[in-house]
Amino acid sequence: MVMQWTNEQQRAITQPGSLLVSAAAGSGKTAVLTERIAQLVAEGCPLDRFLVITFTRAAAGEMKKRIAGRLSQMAREPGWEAQAQRLNAAAAGVGQASISTIDAFCAHVLRRHFHAAGLDPAFRAADETQAAVLQQEVWDQVLEEGYGEGALSGLSSLFDSEDTFLSSLQQLYEFLCAQPDMEAWLTQAHKAYQVDAAGLAASPHMAVFLQSRRRRLAARVQALADRRDEIAEAYPNAAKVLDQELFQVRALLLPHTYESLGAQLKSVAFGRLSWPRGTDGAVKEPVVKARNSLKRELEELGKELALPLSQHAARLQELEPHIARLKQLLLDFQAAYAARKGELGLVDYGDMERLALGLLQQPRIAAEYRSRFQYVFVDEYQDVNPLQERIIQAVSRGDNLFLVGDVKQSIYGFRMAEPGLFLAKQAAFRKGQGGQAIDLQANFRSGDGVIQAVNGLFSRVMGREAGGIQYGPEAALHQGRAGLAAYGELHLMKAQSLPEDQETCLDPEALAEQLQNAEAEARLAAQRIRSLKGQPGPDGRPLSYGDMVILHSAPKRVAELWTRTLAREGIPAYAELTGGYFEAVEVQVMLNLLRLLDNRRQDIPLLSVLRSPIGGFSTEELIRLRAGGQDRPCLDSLLSAAQDDTPLGHKAAGFLARLSLWQEQAALLSLPALIARLLEDTGFARYVRALPGGAARQGNLTALLERAEQWAQNGQGLGAFLRFMDRAKDTDRMGAAQVGGADVVRVMSIHKSKGLEFPVVFLAGLGKGFNLRDASQPLVLDPVLGIGLKPVFRNTRLKNLYYSAIASQTADRSVAEQMRVLYVAMTRAVSHLILLCALPDPLAALQRARFRLSPGNSLLARSFLDWVLPAVLQEPGAQALRQAAGIPHQPQPGPDTGLACYLHPGVAPVQGSAVLDPAGYRAFAAAACSAPPDPQLAARLNWAYPFPQDTRLPSKVTVSALVGNPPTLERCPAFMLENQPLSPTQRGTATHLLMEHIPLSPHTAASVRASLQALQNQGLLSAAQAEAVYAPAIAAFFQSDLGQRLCKAQQVERELAFSCRLPAQALGFAGSQASVLLQGSIDCCFLEPDGWVLVDYKTDFVPPGQEQQAAQAHVRQLQLYALALAEITRKPVKERYVALLRTGAAVPV
25 MVMQWTNEQQ
35 RAITQPGSLL
45 VSAAAGSGKT
55 AVLTERIAQL
65 VAEGCPLDRF
75 LVITFTRAAA
85 GEMKKRIAGR
95 LSQMAREPGW
105 EAQAQRLNAA
115 AAGVGQASIS
125 TIDAFCAHVL
135 RRHFHAAGLD
145 PAFRAADETQ
155 AAVLQQEVWD
165 QVLEEGYGEG
175 ALSGLSSLFD
185 SEDTFLSSLQ
195 QLYEFLCAQP
205 DMEAWLTQAH
215 KAYQVDAAGL
225 AASPHMAVFL
235 QSRRRRLAAR
245 VQALADRRDE
255 IAEAYPNAAK
265 VLDQELFQVR
275 ALLLPHTYES
285 LGAQLKSVAF
295 GRLSWPRGTD
305 GAVKEPVVKA
315 RNSLKRELEE
325 LGKELALPLS
335 QHAARLQELE
345 PHIARLKQLL
355 LDFQAAYAAR
365 KGELGLVDYG
375 DMERLALGLL
385 QQPRIAAEYR
395 SRFQYVFVDE
405 YQDVNPLQER
415 IIQAVSRGDN
425 LFLVGDVKQS
435 IYGFRMAEPG
445 LFLAKQAAFR
455 KGQGGQAIDL
465 QANFRSGDGV
475 IQAVNGLFSR
485 VMGREAGGIQ
495 YGPEAALHQG
505 RAGLAAYGEL
515 HLMKAQSLPE
525 DQETCLDPEA
535 LAEQLQNAEA
545 EARLAAQRIR
555 SLKGQPGPDG
565 RPLSYGDMVI
575 LHSAPKRVAE
585 LWTRTLAREG
595 IPAYAELTGG
605 YFEAVEVQVM
615 LNLLRLLDNR
625 RQDIPLLSVL
635 RSPIGGFSTE
645 ELIRLRAGGQ
655 DRPCLDSLLS
665 AAQDDTPLGH
675 KAAGFLARLS
685 LWQEQAALLS
695 LPALIARLLE
705 DTGFARYVRA
715 LPGGAARQGN
725 LTALLERAEQ
735 WAQNGQGLGA
745 FLRFMDRAKD
755 TDRMGAAQVG
765 GADVVRVMSI
775 HKSKGLEFPV
785 VFLAGLGKGF
795 NLRDASQPLV
805 LDPVLGIGLK
815 PVFRNTRLKN
825 LYYSAIASQT
835 ADRSVAEQMR
845 VLYVAMTRAV
855 SHLILLCALP
865 DPLAALQRAR
875 FRLSPGNSLL
885 ARSFLDWVLP
895 AVLQEPGAQA
905 LRQAAGIPHQ
915 PQPGPDTGLA
925 CYLHPGVAPV
935 QGSAVLDPAG
945 YRAFAAAACS
955 APPDPQLAAR
965 LNWAYPFPQD
975 TRLPSKVTVS
985 ALVGNPPTLE
995 RCPAFMLENQ
1005 PLSPTQRGTA
1015 THLLMEHIPL
1025 SPHTAASVRA
1035 SLQALQNQGL
1045 LSAAQAEAVY
1055 APAIAAFFQS
1065 DLGQRLCKAQ
1075 QVERELAFSC
1085 RLPAQALGFA
1095 GSQASVLLQG
1105 SIDCCFLEPD
1115 GWVLVDYKTD
1125 FVPPGQEQQA
1135 AQAHVRQLQL
1145 YALALAEITR
1155 KPVKERYVAL
1165 LRTGAAVPV
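Be aware that the sequence shown starts at 25, since it is given in our numbering, and climbs by one per residue.
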């Protein structure tokens, strides 16, 4: 099937030269990238001349798979016959192509040129957790040395605590790792503090400061102007006062210097706002609130402009020595960290990129890669940072780039992604400078309703300052999937109070409100999930739970509540989260067991292991164990109990014996081998696999084993590993294993959903506030503006102009990124986009949303709702919201979102739910306590399972186990048999193998030996095994009456393996009416007209005259075989024989 490309896609595939493709959500960017590579290969460019950079290993693997598939497909398509051989060869070799993450590419550069980078050729890559732990250790060392020299006391005093100081240093180092030249950036940031008043007035910091204040002021002016327009006709006097005030304030929005803005601000005066007697408060309140907000903004601006520029410059100059010390401290840390990594032979991800860039800046090495790669492709280009951009430029020639991405989906600012690089490149390419820009706007993922909602919202809120791009016709999504219907909904609801036990939290006010909102949203989502399940989906099949996802900007806090609420409503749900590894019970238990092996005199680890399935002690047993000995260590109590001749004493002694054995093994085995032995000996891995979420739990234990394998390469022991894991827990970098179920509703973060699509998307938590903590930290950072520091002086933080400018820039960048996060979330939906927002007071939120939304004031938003609600409030679909809040309909220009809006006073649990509010529970408990005894209730509570013996039945049993024969290996490797006499079991195995393959005919000793030789030639028997078979006895068996009947039978089964379910009583389990699965293997059976004849071969030595006695020892075994054979074939077993192959006799039993 030939792909039908749009004109823009075809240009992106075939246009020569460097291209930047701005690919909107669902526009098929990966398919376009794959097709361009495939066609270039078909035209003659070898696949090893491509460098393809992705940003995750999963994306790299998927890219290889797609390219290989497309190349193979092209080889079969008409028109490519001449290139078929080359295309197939390229598809087969795609695994060796340079398609990888940028980290993997940098690692390749370092390994190839390790000598030039000054690295050990056997260097290893430190993962994120290992690097974080190592950094923490080096910071401890560097800070201890600094404090000891007295060089840090002045710098650390600028922060309110040592923890804040350390976290700020770590934040700065992580930021520096994304800069192309760490030392040069620090030098420039330090130099900025050597400034006078004139330099400050002309600095970029001043321009940013003035711009941000004008923007905030303009938003307040617009809000008040909108309220003025609402009341102008009915209240002209009030409108006149507002006009005068707005006229004065608008003068502040004109371009100003610092001094002129301060002078203009002093001339602003507010009049007295008068209203006619009896004016409704609902009319006055919105105007008064907007006016007061403007006043507060002006007051704040007045405080910032109160100081003359000379004093601002003096404040910065006072900080200059501290910035110099901060610079030196970071360089000292970098040197100590590099030395420590060198000792361990480690390189972290930051090193890979920085060292690789250093190599690629050498002309010889850069020329090598530029000549090697004829084409350079970069996926998700909007997420590169400045350092990665320099690497990409170093390996490209300038005319061979293919960059694809979407700045509207740049949501990885916490990884130092810089969307401005994409925008700058796009602007240059649009002017024809260095390449060409192509826009892919056709969305092939979502239906019309979803695309309308996205375009309607972001055309109102996204601009160059808010979001990074002007959302006009050139950025809007176009319908590419004709005929696909889709629907968008907005549900606003009142949050219900939570039960008291759920209100306790670390931040009682904020988190309790967030949980209340999540509870209400989850209940409403449950209603919509039930109504949607089974309806036709976008592909025609009925919607299932697995087609639906709950997206949340902060799922970690609310995921448990969501999954619990959905489960209570009868809906299976699974939360895909990050973090939480060390909170997993199975991880805690295994780490505690390792702690005991390192030092058994640790009370908490010991009690943890004893209470776990590994120890097997119940709570009551632990109480008895500790009774009267609370003042001594737990180990002493355990040792004392082990001396008693009681069941508890025997249990304690057994555990101590196992613990001693494991400690001995810990001294002999490597750490990975030790953990594997513990998991095997305890059966703990099998136990957790059987628990709910067993796959994820087993994944956590596997991760522990992998971590131990990585640690073992350091050559350090168990104690050091445990200290490393304790440090890793403090860094919170390790996430729990994620193994989702097949047909469940998934709860995940918006970031995790990027690149995925779902028929039904619930976007929850619209009212949750943005996390803007980075803009309020004592240390704020910007790639251009440098470092902003807000020092503590006499318990008060003193802001300066640099800090204010960088903090404003940081806040604006964070809000702009949140807008792009919302865009990503909404564009995951295929056919249903359902927005959920629970609030304590929805009507108050509607009143606050009465301002006119525009890209200019979008950066003032502090939640998704601040964008969504004003955008939809004046649309036709929001009539119910306007009526409830008493808001007049004032249509606004621009496209509508088309969202159907609903207001819910509250969402009750599903009928029959077990959830009770606190008052209901107390009433239920009182009624239950006062009720008279109920015989039926007592009977139910005292009920016992009527078939207790069945609980002890095995689910599966083998014939050998029932008759008492231990299992043996069927075959022994031939090399183990050389020069060694065969055991009786090995001789029996050889004989059985012969009887399985020998032709069914009357045999002589010579023909038996010929069959043995044939099996030896086939490699089935060794020479020693063939020699061990007594050929005359085998021939005697085939010449006997039974052997001749066997040869004449029309149906013969040899080595017949079976599994069948038989009554437990028939297998010897008395008193049970259940059935048990019986497994075994019948040596031989043949069918005659009136039933089966069953033959079991034995090769034991039997003295002459004792054949009958020897055969009787196997009666039970043949009885079980006969039961199984009759059950399987539904035909009777008429005769049973034991064939004694050492003598050739066949004895009926």
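There could be a bad hint or two in this list.
[To be verified] DSS-like mimics (lysine-lysine), calculated; alpha carbons at most 30 Å apart, straight line:
(1) Lys215 / Lys264
(2) Lys215 / Lys88
(3) Lys327 / Lys313
(4) Lys823 / Lys351
(5) Lys455 / Lys518
(6) Lys88 / Lys1072
(7) Lys1072 / Lys1158
(8) Lys264 / Lys308
(9) Lys351 / Lys319
[Stated by the list, open to error] Ranges between beta-carbon positions, derived for each pair:
(10) Ala1034 / Ala1090: 19 to 27 Å
(11) Pro807 / Gly456: 44 to 52 Å
(12) His1021 / Arg100: 54 to 62 Å
(13) Asn795 / Gln1103: 18 to 26 Å
These are computed hints drawn from the structure, not numbers from a lab. By construction, the Cβ of each residue, glycine as well, lies at the ideal position given by its N, Cα and C atoms.
Against the structure, the hints:
1. Lys215 / Lys264: Not OK: Lys215 and Lys264 at ~51 Å, beyond 30 Å, violated.
2. Lys215 / Lys88: 47 Å, violated
3. Lys327 / Lys313: It holds: about 21 Å lies between the C-alpha atoms, which stays within 30 Å.
4. Lys823 / Lys351: Given pair Lys823, Lys351 holds - Cα atoms ~20 Å apart, limit 30 Å.
5. Lys455 / Lys518: 52 Å, violated
6. Lys88 / Lys1072: At roughly 59 Å apart (the allowed maximum being 30 Å), Lys1072 and Lys88 break the hint.
7. Lys1072 / Lys1158: 17 Å, holds
8. Lys264 / Lys308: Between Lys264 and Lys308 the Cα gap is close to 15 Å, so the pair holds against 30 Å.
9. Lys351 / Lys319: 40 Å, violated
10. Ala1034 / Ala1090: 19 to 27 Å: 43 Å, violated
11. Pro807 / Gly456: 44 to 52 Å: 27 Å, violated
12. His1021 / Arg100: 54 to 62 Å: 44 Å, violated
13. Asn795 / Gln1103: 18 to 26 Å: 58 Å, violated
Checked against the numbered hints given earlier, this structure breaks hints 1, 2, 5, 6, 9, 10, 11, 12, 13; the rest are met.
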